[in-house]
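Given the structure of chain A, go ahead and fit chain B onto it with the hints provided.
Protein chains in written order, with our numbering: chain A, 5 to 185; chain B, 5 to 185.
Hints in this document: simulated from the structure, not taken from any laboratory.
A portion of the hints provided could be inaccurate.
Copies of the same chain look alike in the list, so a pair counts if it works inside one copy or between any two.
In silico PhoX-like links for lysine-lysine, alpha-carbon gap of 25 Å or less [as the list claims (entries may be wrong)]:
id: 1; residue 1: 130; residue 2: 42
id: 2; residue 1: 51; residue 2: 76
id: 3; residue 1: 147; residue 2: 165
id: 4; residue 1: 51; residue 2: 82
id: 5; residue 1: 82; residue 2: 165
id: 6; residue 1: 76; residue 2: 165
id: 7; residue 1: 51; residue 2: 147
id: 8; residue 1: 130; residue 2: 165
id: 9; residue 1: 165; residue 2: 106
id: 10; residue 1: 106; residue 2: 147
id: 11; residue 1: 42; residue 2: 106
id: 12; residue 1: 82; residue 2: 147
id: 13; residue 1: 165; residue 2: 51
id: 14; residue 1: 76; residue 2: 106
id: 15; residue 1: 106; residue 2: 51
id: 16; residue 1: 165; residue 2: 42
Protein chains: 2
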Amino acid sequence: MKRIATLLVAMATFAVLAFAPSASGRADEDTVPILENKLPAGYRDWKLISVAHEAGNLNDIRAILGNDVAIKAYRQQKLPFPDGTIIARLAWSYVPSDEDNKVFGRDQSFVAGTATNVQFTVKDSKKYAATGSWGFAQFTDGKPVNEAVSTACFSCHEPSKARDFVFTQYAPRCENRNPKT
Amino acid sequence: MKRIATLLVAMATFAVLAFAPSASGRADEDTVPILENKLPAGYRDWKLISVAHEAGNLNDIRAILGNDVAIKAYRQQKLPFPDGTIIARLAWSYVPSDEDNKVFGRDQSFVAGTATNVQFTVKDSKKYAATGSWGFAQFTDGKPVNEAVSTACFSCHEPSKARDFVFTQYAPRCENRNPKT
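With the rest of the complex left out, here is chain A:
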């Protein structure tokens, strides 16, 4: 029941953020949804923050990329993230690779299949003041969707308040294992 309530809150939050007047109430932005309902230009070229796998119903493998503002903040280990930060979460179906398994001689390889969706978190302390300064958006097949998934919305990000509501941590370089640079 708690999960359902959380999801409903998340869905409502997403709808408010993406398709309704912003929390700031500024007249010039009242009708401008997140990212203007468009995918940020060049997001597929952004730099890598980290990677992850979600099993269960999602069953995807994902890359988390950041625009230059995001990457700079991550590397400086500076919180909160500054306005202008955009973090992109790209996900693909999680599929076994028969080809790779043959090479390894055992079933152990999983790769990215078809794209599922892409989500963005956008930092704007005025526009999204009511939700920790973050706005959330999801695109499927290149189109914005007006329904939330649990990772897309502020209510689910609240447990990560100590890291400015961002779950993903920077994947370190192999030559510098501990520092997040």
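The following block gives chain B in isolation, referenced to the frame of chain A:
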């Protein structure tokens, strides 16, 4: 037995490529190991090709990045890859995320932990003529290693000859699922 033989061949191949005179035999390159034993500058900033998970003994999660030459070739779906292509495979330990699992309400989240190593495949049709025009290198803790793992060497890449010995395929954009762009 076949696996052991393959591994030995792979190790020998790696040693030849990384630390011995090149197959081309050009005097000026005879003593220059792959990438001059240095990590390519800025590789952590390269664009994303795809992501993967290797279970089993490796038990890692990985990102495959490409330099500009690699990305352009991938997007043009052009084979063989041109000289100058470098593909980087970054790997991290595959660790469950307690924090994420709490949000999802079940154990399903896996993220990147500490870095394990980074591998590079470098296209140079003259220097590496004997191995499909590809050279291979691995770095751990920022230092080149003189031992091979099965994914690092040409003999293991041979099954992917139809794709110019490259296993990783480009992870498509969500807004354009089928084309590899």
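Verification of the hints:
no.: 1; hint: 130 - 42; verdict: within (20 Å within a copy, 45 Å between copies)
no.: 2; hint: 51 - 76; verdict: both (10 Å within a copy, 16 Å between copies)
no.: 3; hint: 147 - 165; verdict: neither (29 Å within a copy, 37 Å between copies)
no.: 4; hint: 51 - 82; verdict: both (17 Å within a copy, 23 Å between copies)
no.: 5; hint: 82 - 165; verdict: within (14 Å within a copy, 45 Å between copies)
no.: 6; hint: 76 - 165; verdict: within (20 Å within a copy, 39 Å between copies)
no.: 7; hint: 51 - 147; verdict: both (23 Å within a copy, 23 Å between copies)
no.: 8; hint: 130 - 165; verdict: within (18 Å within a copy, 54 Å between copies)
no.: 9; hint: 165 - 106; verdict: between (44 Å within a copy, 14 Å between copies)
no.: 10; hint: 106 - 147; verdict: neither (37 Å within a copy, 29 Å between copies)
no.: 11; hint: 42 - 106; verdict: neither (41 Å within a copy, 31 Å between copies)
no.: 12; hint: 82 - 147; verdict: neither (32 Å within a copy, 29 Å between copies)
no.: 13; hint: 165 - 51; verdict: within (24 Å within a copy, 29 Å between copies)
no.: 14; hint: 76 - 106; verdict: neither (40 Å within a copy, 29 Å between copies)
no.: 15; hint: 106 - 51; verdict: neither (31 Å within a copy, 28 Å between copies)
no.: 16; hint: 165 - 42; verdict: neither (28 Å within a copy, 39 Å between copies)
The structure is inconsistent with the numbered hints 3, 10, 11, 12, 14, 15, 16, although it conforms to all the rest.
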